[in-house]
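Residue numbers (my numbering), protein chains in the order written: chain A, 2 to 227; chain B, 63 to 114; chain C, 7 to 233; chain D, 205 to 494.
Just so you know, the hints here were simulated from the structure itself, not pulled from any lab data.
Watch out, some of these pointers could steer you wrong.
To be verified - Simulated DEER-style distance windows between Cβ atoms:
(1) Val144(C) / Ala357(D): 53 to 63 angstroms
(2) Gly363(D) / Val85(B): 43 to 53 angstroms
(3) Val288(D) / Gly96(B): 29 to 39 angstroms
(4) Leu414(D) / Gly228(C): 16 to 26 angstroms
(5) Ala81(B) / Gly223(D): 36 to 46 angstroms
(6) Phe260(D) / Ala202(C): 24 to 34 angstroms
(7) Arg97(B) / Ser225(C): 37 to 47 angstroms
(8) Leu14(A) / Leu14(C): 46 to 56 angstroms
To be verified - Here chain A is said to cover these stretches of chain D; the calculated rule only asks that three of the stretch's residues, wherever they fall, bring their Cβ under 8 angstroms from a Cβ of chain A:
(9) 364 to 371
(10) 440 to 451
For each residue, glycine too, the CB sits at the ideal point set by N, CA and C.
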Amino acid sequence: MSVVELRAAVALLGRFPALSGVDLTIHAGETVLLRGPNGAGKTTLLHLCAGLLRPESGGVRVLGHDLTGAADRRSVRRRVALLGHATGLYDDLTVGENLRFWARAAGLSAAEADRRTDEARSRLEVPDRLVDQPVHTLSAGQRRRTSLAALVVRRPELWLLDEPHAGLDQTGRDLVDALIGDAVAAGGTVVVSSHELDRVAALSPRTVTLAGGAVVDGPSGNGGIR
Amino acid sequence: MTHVGYLIAGWGITMGTLAFYAVRLVRRGRELSGRVPDAHRRWLEDQGSDDA
Amino acid sequence: MSVLRTVLGDIRLVAARDLRIEVRSRVVLDQVLPFAVLVLVLFGFALDADHRTLRTFAPGLFWVTVLLSALLAIGRSASLDATDGTGTSLRMSGLSPVARYLGRTVAVLVQLLVLEVVLVGGIVVLYGVSVDDWLLLVVAGVVAGVAVAAAGTLYGALASGLGARETLLPILVLPVLAPVLIGATRAFDDALGVAAVDGWAWTGLLAVAALVLTVVGASAHGALVED
Amino acid sequence: MAEEPTITASTRDTTGSRGSRLLGVATLVGLAVLGVLAFVLTDPDVRIHPSTGDEFGQFDAVRMLYVHVPLAAMTYLAYGLCAVASLGVLIRRTPWWDVTAHAAAEVGTVFCGLVLVTGSIWGRPVWNTWWEWGDVRLMTTLVLFLMFAGYLALRRTTGDPRTVSRRAAVVALIAVLDLPLVNRSVEWWENRTLHQQSTLGELKIEDLTLFTLMLGFLVLGMVLAWLLLHRFRVGWLERAALDHSVAAAIAERRGETPDEELRRAVGDSPAAREGFDENDRDGDPEAGRP
Numbered sequence: 002m003s004v005v006e007l008r009a010a011v012a013l014l015g016r017f018p019a020l021s022g023v024d025l026t027i028h029a030g031e032t033v034l035l036r037g038p039n040g041a042g043k044t045t046l047l048h049l050c051a052g053l054l055r056p057e058s059g060g061v062r063v064l065g066h067d068l069t070g071a072a073d074r075r076s077v078r079r080r081v082a083l084l085g086h087a088t089g090l091y092d093d094l095t096v097g098e099n100l101r102f103w104a105r106a107a108g109l110s111a112a113e114a115d116r117r118t119d120e121a122r123s124r125l126e127v128p129d130r131l132v133d134q135p136v137h138t139l140s141a142g143q144r145r146r147t148s149l150a151a152l153v154v155r156r157p158e159l160w161l162l163d164e165p166h167a168g169l170d171q172t173g174r175d176l177v178d179a180l181i182g183d184a185v186a187a188g189g190t191v192v193v194s195s196h197e198l199d200r201v202a203a204l205s206p207r208t209v210t211l212a213g214g215a216v217v218d219g220p221s222g223n224g225g226i227r
Numbered sequence: 063m064t065h066v067g068y069l070i071a072g073w074g075i076t077m078g079t080l081a082f083y084a085v086r087l088v089r090r091g092r093e094l095s096g097r098v099p100d101a102h103r104r105w106l107e108d109q110g111s112d113d114a
Numbered sequence: 007m008s009v010l011r012t013v014l015g016d017i018r019l020v021a022a023r024d025l026r027i028e029v030r031s032r033v034v035l036d037q038v039l040p041f042a043v044l045v046l047v048l049f050g051f052a053l054d055a056d057h058r059t060l061r062t063f064a065p066g067l068f069w070v071t072v073l074l075s076a077l078l079a080i081g082r083s084a085s086l087d088a089t090d091g092t093g094t095s096l097r098m099s100g101l102s103p104v105a106r107y108l109g110r111t112v113a114v115l116v117q118l119l120v121l122e123v124v125l126v127g128g129i130v131v132l133y134g135v136s137v138d139d140w141l142l143l144v145v146a147g148v149v150a151g152v153a154v155a156a157a158g159t160l161y162g163a164l165a166s167g168l169g170a171r172e173t174l175l176p177i178l179v180l181p182v183l184a185p186v187l188i189g190a191t192r193a194f195d196d197a198l199g200v201a202a203v204d205g206w207a208w209t210g211l212l213a214v215a216a217l218v219l220t221v222v223g224a225s226a227h228g229a230l231v232e233d
Numbered sequence: 205m206a207e208e209p210t211i212t213a214s215t216r217d218t219t220g221s222r223g224s225r226l227l228g229v230a231t232l233v234g235l236a237v238l239g240v241l242a243f244v245l246t247d248p249d250v251r252i253h254p255s256t257g258d259e260f261g262q263f264d265a266v267r268m269l270y271v272h273v274p275l276a277a278m279t280y281l282a283y284g285l286c287a288v289a290s291l292g293v294l295i296r297r298t299p300w301w302d303v304t305a306h307a308a309a310e311v312g313t314v315f316c317g318l319v320l321v322t323g324s325i326w327g328r329p330v331w332n333t334w335w336e337w338g339d340v341r342l343m344t345t346l347v348l349f350l351m352f353a354g355y356l357a358l359r360r361t362t363g364d365p366r367t368v369s370r371r372a373a374v375v376a377l378i379a380v381l382d383l384p385l386v387n388r389s390v391e392w393w394e395n396r397t398l399h400q401q402s403t404l405g406e407l408k409i410e411d412l413t414l415f416t417l418m419l420g421f422l423v424l425g426m427v428l429a430w431l432l433l434h435r436f437r438v439g440w441l442e443r444a445a446l447d448h449s450v451a452a453a454i455a456e457r458r459g460e461t462p463d464e465e466l467r468r469a470v471g472d473s474p475a476a477r478e479g480f481d482e483n484d485r486d487g488d489p490e491a492g493r494p
């Protein structure tokens, strides 16, 4: 079964064609590494798959939904986790309040939200002493772990990770790798855009190269897909 | 006739504004027409090129 | 039934989030509230601090002050979803736009009511008004507050993410709130006993406006923040 | 109306068509006839008081109404069209509705502004004031004008064009809620307005006066149609010009990355990773190493 199916997909940011016609199929359980120069459209591709953008033209199916429809995009969004450049956390709320809010927002009951939040915190090794600290007092690495914990709580089917290793120390990077392993083991699909090519290579992903807003053959020819 | 000043002002402003707006629309239309291929202007089809 | 309970739960969740952020950051308490009192004082200076004049115009000055301060509070609450990618996270979360809208409206309303209470104290002390009809004052204050919060939350979302949103918000929302200003001022005219009008009739009109704005806001919010 | 340029246009580069030129000529003729009727053939409004025998009425100021009242009617029409088109934007998302909504709002706001100005100029001699604060219809019309001024300001802001058009549609739909208030305010708040209640139904006004007023509706309706047509075409062209450049931008973007840069970026050389910016946002495609 294919989780993501793009046919000549075009997406605009304002009037700029950030994606100029992407053909890409991603199957369930795959780990995909997105690579390409700055401005190649990696972030936009992740946003498109997340159901945040309406495709301008071409065919876009994610998790069985055609993303041209607003209702379909909404259904897709709640089954997908997107880790972007921003934290997605409320600066003035504490770590615990943020995690609880996002868990409850995903529709979990209070008890279930507490349980999963604790679980996610221990998986990402967010120490107890941080729980009652406002997010704005945390270091960049601690924030990123909190963001990831907020996503783990939702148990998504498709993970879209935009530069997940950026701003993390060695332990944090290992945690991200372990997390990707967890997700795949649980039957999830993971798409990572990363510059940490050596690190991600250890997860033996399929590599997809983007350039000029489209998928191209990698120059070295190892795994570029058309 | 009474109220001549008011009448001139009212009708004058109305007609003046409408004329000014119409001229601006025509000007903008001409300027844009040069930048867009004929195919995008469906209203040209019933017209032909007879008035060149 | 369970759908309704879910929506009510989500509304509470969103309202609690906004209010908790306000309690932590105290932007409305520390900045908007003093601004409101400052405006009252400036009106006093501008009208040459004549008690009779001030008492006559107190209802109007009160509501103009509320609207100006509300603009700041609305801008602040809209900005919560415009920083650190929280808006994107909300879109990904699955929270319904209706719950997001109503929750935020409740939070803005609570802040407006605090503001109104302080300002009523302000016009009593500074302008020397006395309250004739407390019940009317409270009911009209709450109903007008709902109307301002409903319109403000909608237009706050509408202006956010666009260029020049700080200047766009006032010119979009103030014309909509102009009728609310008229109705609330008339109701307060009656409640403060400065003019012989039927304050309850105006409060009825305010209620209609509040209802329409809330319904329109709840149904339009999805088209604004989702998509 | 300035049909002159359209009529004499000799190139294909116009927003005019044979139909719009005919309409333009007819409109100009209509305006001339309306002017003659309004200023020459109709009588001033002079009435004799039944008991005192004094003359009273609007006198010649009534001639202002032949343009003021039709302008107001056409404002309703334009804003109504804008509301319908805005619904179309939200439901169907096609550019046609979007361009129509924008055109109707802009032309409607020109008309609405003129309604306020002509009303004010007429009110000075007749009501003895430029502006009557207690008048509900004045208030609601002013609010309508301001809301659509906000709409046009929103239209001009920078932002994703699709986002702007949907948000503008919401603003328009809220703004037109004021339309029935403007229209019915005279009946609903009889004692709070100086405007007369609608007299058309009762035929209180004399034949030629009525005919002139009706002609006013027709001619200003034609003016509205002509302006809408041209404003729509201008909007359509603006849009086509953008679509045209997007198509070009897509083609350009597909061929923009030289193999050399790609090789460097995806890490075929050991030094490649340093060429990256941590915050890789889709923006400058030249951001790699020189």
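Do the hints match the structure? See the list:
no. : hint                                      : in the structure
1   : Val144(C) / Ala357(D): 53 to 63 angstroms : violated, 37 angstroms
2   : Gly363(D) / Val85(B): 43 to 53 angstroms  : violated, 30 angstroms
3   : Val288(D) / Gly96(B): 29 to 39 angstroms  : holds, 32 angstroms
4   : Leu414(D) / Gly228(C): 16 to 26 angstroms : violated, 48 angstroms
5   : Ala81(B) / Gly223(D): 36 to 46 angstroms  : violated, 21 angstroms
6   : Phe260(D) / Ala202(C): 24 to 34 angstroms : holds, 32 angstroms
7   : Arg97(B) / Ser225(C): 37 to 47 angstroms  : holds, 39 angstroms
8   : Leu14(A) / Leu14(C): 46 to 56 angstroms   : violated, 37 angstroms
9   : 364 to 371                                : holds (count 3)
10  : 440 to 451                                : holds (count 3)
The structure does not agree with the numbered hints 1, 2, 4, 5 and 8 stated previously, though it agrees with the rest.
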